[in-house]
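Q: One-letter residues, chain by chain:
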Amino acid sequence: MTDSESGPDLTKNGPEDSAPEPATAGDRPLVVVEHVNKHFGELHVLKDINLTVDSGEVVVVIGPSGGGKSTLCRSINRLEPIDDGTILVDGKELPKEGKDLAKLRADVGMVFQSFNLFAHKTILDNITLGPVKVRKAGRQDSQKHAMELLDRVGIANQANKYPAQLSGGQQQRAAIARSLAMKPKVMLFDEPTSALDPEMVNEVLDVMTGLAREGMTMIVVTHEMGFARRAAQKVVFMADGQIVEENTPDEFFTNARTERAKDFLSKILTH
Amino acid sequence: MFDFSPFFDNFDEIMQGFWATLRLAAAAAVLSLIIGTALASFRVAPVPVLRAFGTGYVNIVRNTPLTLVLLMCSLGLNDILALKFSDTSSTTYYWWAVLGLSAYTGAFVCETLRSGINTVPLGQAEAARSIGLTFTQSLRVIILPQAFRAIIAPLGSVFIAMIKNTTVAAAASYAEVALVTKTIVDKPTFANGVIPLFLGVAIGFLILTLPTGYFFGWLAKRMAVAR
Ligand SMILES: Nc1ncnc2c1ncn2[C@@H]1O[C@H](COP(=O)(O)OP(=O)(O)O)[C@@H](O)[C@H]1O
Ligand SMILES: [Mg+2]
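Chains as they are written, first to last, in our numbering: chain E, 738 to 1008; chain S, 14 to 240.
Since the hints were derived computationally from the structure, they do not count as laboratory data. Note that the structure is a prediction, hence the values are computed from the model and not measured. It cannot be assumed that every hint is accurate.
What the hints assert, rightly or not - With a straight-line Cα cutoff of 30 Å, these simulated DSS-like cross-link-like pairs (lysine-lysine) come out:
hint: 1; chain 1: E; residue 1: K858; chain 2: S; residue 2: K177
hint: 2; chain 1: S; residue 1: K234; chain 2: E; residue 2: K898
hint: 3; chain 1: E; residue 1: K971; chain 2: E; residue 2: K1004
hint: 4; chain 1: E; residue 1: K870; chain 2: E; residue 2: K881
From just these sequences and the hints, can you work out the full model?
A: And the structure:
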């Protein structure tokens, strides 16, 4: 369906010059999470979290529901504020609020479980909105780039439809294109395929695998083992607000070090 | 009894009254929409002072009788404090009526709009923030457009109530149709036929309000956001 080799290079092509430098593969740390704690009232959802994601690296976050995976993801672009600790994106600490925070968020793409495409705008407008309003790119250049991205994710023929007219898989691919249009340094995916009918899961995973191959830095919350093995360099197992195990995908799925992870894997494997 | 000649004998005056009503309603519709949108934006803003102002305004204005608001404008501000828009008295009373009615209706527009904002899924705002839109941008480009589409029908009701509320402006010395009607009835030459006259004016109001209701109903269907 989508061929990552023949499509335009998403991380490099672009209409405007003001965009940040694309991430290039290497071991420069791009996202650094240090001693982060977060409470929801009494509930301690993130317990002293430490995580480093290098430029070009793909990290899969896996673990039982309620373990804090979404909260970790959301705290990296400050959709959730943290109590203490530091989060650095490309060497810069997250600004508290206002214009600086908005600027940082533009560099951190986010793909949600429920797509969250702007319901009152066409697919094309969904994708050009950020470049035009945030990056101040020209409308025509943005549209041209948007069409390239839509072509890349295989839904160029849906450009003028509204989100509700698309299938779940198409909506999620449009949402990925919307994130890519900002030329983010890193992309966060929070269970991007969990809301999809089974037959649509692969069309989304294929797009994500393509991105990983092209060197996009990605943090992906998912239970899709196939994707983790194919695309990730690292698996992080999270439970009860803690990172319990960090491992390579192959090691983790065949030979997990911790009992907690083994127990979890035995449950998802038998279902 | 059902002789409508009292209505038609004074037709020109009544039409002038309706024209004045229409001018008041049209200006108040625009201004109350602006005031209501500003207030609703304040009420969802991340700045506590703005939120407090929005809440305070709505609670005070919404719970004050409109007559009082308008008298405050005409007698209090215009006559006593001499804050006049113009030296021509009909002009200054017109603008005070517009301002008073809009300030009052704006509180209702605000609350209607706020209920519309609540119908927009949280994910829309989160997606807007995650591509780097500021609070104001995401409110203007993502949240408010969707909220407005959700409240078109109830907004129609607010405007119908506002059109009927124009009659209260009579209390504030503005010569809209209710005041004109009262003047006609009070003329010493006016013998009988009060009821036909009132019925005629009531039908005049229906001609204003019914299409308003239908228009907003039609618009609501046309603009609905599919989810
Ligand atoms: N906004 C919130 N308010 C209160 N509790 C929350 C909120 N969001 C998440 N939680 C709680 O925090 C815990 C971790 O949630 P989450 O990060 O969504 O876990 P996961 O994504 O791993 O399933 C859960 O117990 C959840 O109920
Ligand atoms: Mg989750």
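Q: With reference to the structure, classify each hint as holding or not holding.
A: For each hint, the structure was consulted:
no., hint, verdict
1, E:K858 x S:K177, "36 Å, violated"
2, S:K234 x E:K898, "18 Å, holds"
3, E:K971 x E:K1004, "21 Å, holds"
4, E:K870 x E:K881, "16 Å, holds"
Hint 1 from the earlier list is the only one contradicted by this structure; the remaining hints agree with it.
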